[in-house]
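**Q** Next come the chains, spelled out residue by residue.
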Amino acid sequence: MDKALRQANRRLTIKLLLMVAAAAGFAFALVPFYDLLCKVTGLNGKTGGAVQRAQASKVDAARWVTVEFTSTVMPGMSWEFRPAQTRMRVHPGETAKISYLAKNPTNQAMAGQAVPSVSPGWAAQHFNKIECFCFQRQVLKPGEVKEMPLVFFVSPELPAEVQEISLSYTLFPVSG
Amino acid sequence: MTEAIAAVAHDRHGHPPAGIMRWLTTTNHKDLGILYMSFGGIMFFIGGAFIMAVRAELLLPGLQLLSPGMYNQLFTLHALIMVFGAIMPFATGLNNYLIPLMIGAPDMALPRVNNWGFWILPFAAVLLLIPFFLQFSGIGSGASGLGWVMHNTSLDLQSGIGIDFAIFTIHLLGISSLTGAINVVVTVLNMRAPGMALMKMPLFVWAWLITAFMLILVIPVFSAAATMLLTDRHFGTHFFDAANGGDPILLQHLIWFFGHPEVYIVLLPAWGLIPHILATFSRKPVYGYRAQVYALWAICFLSFIVWSHHMLTSGLPLAAEVYFMYSTMAISVPTSVLVFCWLGAIWRGAMTFETPMLFALGFVAHFGMGALTGMILPDVAANAQYHNSYVIVSHFHYTFFGGGIFGMMAAVYYWLPKFTGRMFDEKLGRLHFWLTVIFFNVTFIPQWFAGLDGMPRHIADFALRFSAMNLISSVGAFLLGLSQLLLVYIVVKCVRGGPKATGQVWEGAQGLEFTLPSPPPYHTFETPPEVK
Numbered sequence: 000m001d002k003a004l005r006q007a008n009r010r011l012t013i014k015l016l017l018m019v020a021a022a023a024g025f026a027f028a029l030v031p032f033y034d035l036l037c038k039v040t041g042l043n044g045k046t047g048g049a050v051q052r053a054q055a056s057k058v059d060a061a062r063w064v065t066v067e068f069t070s071t072v073m074p075g076m077s078w079e080f081r082p083a084q085t086r087m088r089v090h091p092g093e094t095a096k097i098s099y100l101a102k103n104p105t106n107q108a109m110a111g112q113a114v115p116s117v118s119p120g121w122a123a124q125h126f127n128k129i130e131c132f133c134f135q136r137q138v139l140k141p142g143e144v145k146e147m148p149l150v151f152f153v154s155p156e157l158p159a160e161v162q163e164i165s166l167s168y169t170l171f172p173v174s175g
Numbered sequence: 000m001t002e003a004i005a006a007v008a009h010d011r012h013g014h015p016p017a018g019i020m021r022w023l024t025t026t027n028h029k030d031l032g033i034l035y036m037s038f039g040g041i042m043f044f045i046g047g048a049f050i051m052a053v054r055a056e057l058l059l060p061g062l063q064l065l066s067p068g069m070y071n072q073l074f075t076l077h078a079l080i081m082v083f084g085a086i087m088p089f090a091t092g093l094n095n096y097l098i099p100l101m102i103g104a105p106d107m108a109l110p111r112v113n114n115w116g117f118w119i120l121p122f123a124a125v126l127l128l129i130p131f132f133l134q135f136s137g138i139g140s141g142a143s144g145l146g147w148v149m150h151n152t153s154l155d156l157q158s159g160i161g162i163d164f165a166i167f168t169i170h171l172l173g174i175s176s177l178t179g180a181i182n183v184v185v186t187v188l189n190m191r192a193p194g195m196a197l198m199k200m201p202l203f204v205w206a207w208l209i210t211a212f213m214l215i216l217v218i219p220v221f222s223a224a225a226t227m228l229l230t231d232r233h234f235g236t237h238f239f240d241a242a243n244g245g246d247p248i249l250l251q252h253l254i255w256f257f258g259h260p261e262v263y264i265v266l267l268p269a270w271g272l273i274p275h276i277l278a279t280f281s282r283k284p285v286y287g288y289r290a291q292v293y294a295l296w297a298i299c300f301l302s303f304i305v306w307s308h309h310m311l312t313s314g315l316p317l318a319a320e321v322y323f324m325y326s327t328m329a330i331s332v333p334t335s336v337l338v339f340c341w342l343g344a345i346w347r348g349a350m351t352f353e354t355p356m357l358f359a360l361g362f363v364a365h366f367g368m369g370a371l372t373g374m375i376l377p378d379v380a381a382n383a384q385y386h387n388s389y390v391i392v393s394h395f396h397y398t399f400f401g402g403g404i405f406g407m408m409a410a411v412y413y414w415l416p417k418f419t420g421r422m423f424d425e426k427l428g429r430l431h432f433w434l435t436v437i438f439f440n441v442t443f444i445p446q447w448f449a450g451l452d453g454m455p456r457h458i459a460d461f462a463l464r465f466s467a468m469n470l471i472s473s474v475g476a477f478l479l480g481l482s483q484l485l486l487v488y489i490v491v492k493c494v495r496g497g498p499k500a501t502g503q504v505w506e507g508a509q510g511l512e513f514t515l516p517s518p519p520p521y522h523t524f525e526t527p528p529e530v531k
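Protein sequence lines correspond, in order, to chains B and H. Heads up: the first sequence is residues 0 to 175, going by numbering that gives the first Met the number 0. Heads up: the second sequence is residues 0 to 531, going by numbering that gives the first Met the number 0.
Next comes chain B alone, as it looks inside the complex (with noise of 0.2 Å):
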């Protein structure tokens, strides 16, 4: 091979690096704008941290809304996990309160984080949490019982047509 094209076949070969280069940070890119795109559409049924209830915001007292509960147990978590009750009927902007109810029924203290999701996804930036359990892991000592509460609001913007939002909290076990 003569000089001038091995140093064009090293230019090249330098492009191409810088490529792939690219793409692998593409990929690390796609984990916050994953996250971003989720926040922003609501997709994947996040809901997102604790607001405030707004003072203002109105009670659409006409409009009936059915908000279901359940709750997942992840495999290697051996807590009892349930909702206190299954279903509820709420006025759009009007605060309710239910509870979870969680039991260890090991014999060592341990720690769990619920994760919820909404379903149907695209409800789930109307649905407002002033206080949860999930907001932080919950530590449970050996055969403690406990009634967590979560007080929500479903947002009065929420779209007409949806007349049913299921909530379902899946804990899994946190360690350390």
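In short, the hints are calculated from the structure, not lab data. These figures come from a predicted structure and were not determined experimentally. One thing to keep in mind: the hints can contain errors.
[Unchecked claim] Straight-line Cα separation of at most 25 Å, SDA-like style, residue types lysine to any residue; simulated pairs:
1) B:Lys38 to H:Asp246
2) B:Lys2 to H:Leu188
3) B:Lys128 to H:Pro247
4) B:Lys14 to H:Thr178
5) B:Lys38 to H:Thr501
6) B:Lys14 to H:Leu301
7) H:Lys283 to H:Thr501
8) B:Lys2 to H:His522
9) B:Lys128 to B:Gln84
10) B:Lys14 to H:Asn114
11) H:Lys283 to H:Pro516
12) H:Lys492 to H:Val504
13) B:Lys2 to H:Thr25
14) B:Lys38 to H:Gly245
15) B:Lys2 to H:Pro193
16) B:Lys140 to B:Thr169
17) B:Lys38 to H:Ala319
18) B:Lys38 to H:Leu188
19) B:Lys96 to B:Ala159
20) B:Lys14 to H:Thr226
We have chain B already, so just place chain H on it with the hints.
**A** Only chain H this time, still in chain B's reference frame:
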């Protein structure tokens, strides 16, 4: 022709060192091509052996031979070995041997990188397989059982060193693929003989150039996803850990963003070489050259924006499902262009049916079936039934085996006389073809029916009503596996002797590689050939 012989006479470097050192230190594209192809061939049989054990378990209902954990390891290793160990290295071997000959270059552009890229592979294979064998002496819990792109990953369901070994294997294989891909791009863009314009390049070279760009863009994504999984497992990050704010669905998005282009990476080299073979044995020029080049680029582009059709049951919003349905179906347009060009190539040709032609026609037929069933799978409504059933298993075997492997077999028979200078046993070759076609269909046609009836994949046992279909499928698989041994015999026999092949090998064969004697001398085209 005279130019080529002049180039051969120009051989200045003499001969390579003898024995093992030749193969360890070689930077010659033909040597490395042979190494890559041999490695791919060996892995083809190892991957095949693993799936024989799986089919033996599925011969009868109930668990006879394997535990479910062992079953998961076997199908995972089968898939990883076949895709990353057999098809991809074999296709890389073909490009190593053929691209310099086809474009009139003296060698690949980065010969040392080429050597390094190959010698990573055996170590990667050992790394992947070690945990599988260690479990028999009580060490560790076996190899990864997560499926070919780790799509069954759950941080809770399987732990153990097997997954870490698989992750490092993925990194090594990724490096090897990237070196090969970069080498192809640099060679094709910089080292073509004078007069070899881009739109004059043989379609195999085009297909590989596009494949190489796809590899460069998606392999890093797969490596990144594997790295995230590794840090999640051992270094306290939470990319995919839902309990700590991560998202398991993100892992699916990342691996399928790689996984879908990857299936075209497997298929494109075969799509590129099929027109050569069809044209040769129809004694016509390649049909629709421009259309095929544009179709290959279109498929390359579309393959990047359809990945979530693997995830239609993961709870995507309806708008996204509809988008992925239509974009996936859109791939059928350029794919149809290719299929009709292949049919155009043989239309009213003076066809003869030598072994490579049989495999090429088998490729068109079986790939066509795989592609057509690929049209019903992205249908959002229908997918709920087909998802993770044996319909999927059968579909991707029609594309990967009926497409990828049939294409590679056609290439073996087409260029083997060129590589060895000897003709293979044509009778045995045809026998191999017919056995392969028959038993391939006996294996996979029953899986359509079992899948439509609801048989799920990835599970070591099945409901009694699937018994008949699984029995037929298993028997077909055993015989399909056995008949592949015939290929070994044919290749070995051809290497050891046989009637001499001419330079052109096949009447009607076109292309620069057929202007050289068979086998081509160690160094070729040191003086670039003249391309008209």
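**Q** Would the hint linking B:Lys2 and H:His522 be met if the CA-CA limit is 25 Å?
**A** holds (20 Å)
**Q** When you check the alpha-carbon spacing of H:Lys283 and H:Pro516, does it fall within 25 Å?
**A** Holds, at about 23 Å.
**Q** Can the restraint linking B:Lys14 and H:Thr178 be considered satisfied, given a maximum Cα separation of 25 Å?
**A** holds (13 Å)
**Q** Do the alpha carbons of B:Lys38 and H:Ala319 lie within 25 Å of each other, as the hint requires?
**A** holds (16 Å)
**Q** Run the distance test for B:Lys2 versus H:Pro193: straight-line Cα separation, threshold 25 Å.
**A** holds (17 Å)
**Q** Is B:Lys128 within 25 Å of B:Gln84, Cα to Cα?
**A** holds (17 Å)
**Q** Is the Cα-Cα distance between B:Lys96 and B:Ala159 25 Å or less?
**A** holds (23 Å)
**Q** Check the hint pairing B:Lys14 with H:Thr226 against an upper bound of 25 Å on the C-alpha distance.
**A** The hint holds at about 24 Å.
**Q** Taking only the CA atoms, is the gap from B:Lys38 to H:Leu188 under or equal to 25 Å?
**A** violated (44 Å)
**Q** Hint check: B:Lys2 vs H:Thr25, CA-CA at most 25 Å. Holds or violated?
**A** Given that 25 Å is the threshold and the Cα spacing comes to 22 Å, the pair holds.
**Q** Checking one constraint from the list: CA of H:Lys492 to CA of H:Val504, max 25 Å. Satisfied?
**A** Holds, at roughly 17 Å.
**Q** B:Lys38 and H:Thr501: Cα distance at most 25 Å?
**A** Answer violated: B:Lys38 to H:Thr501 is near 66 Å, above 25 Å.
The structure fails hints 5, 18 (numbered hints given earlier, in ascending order).
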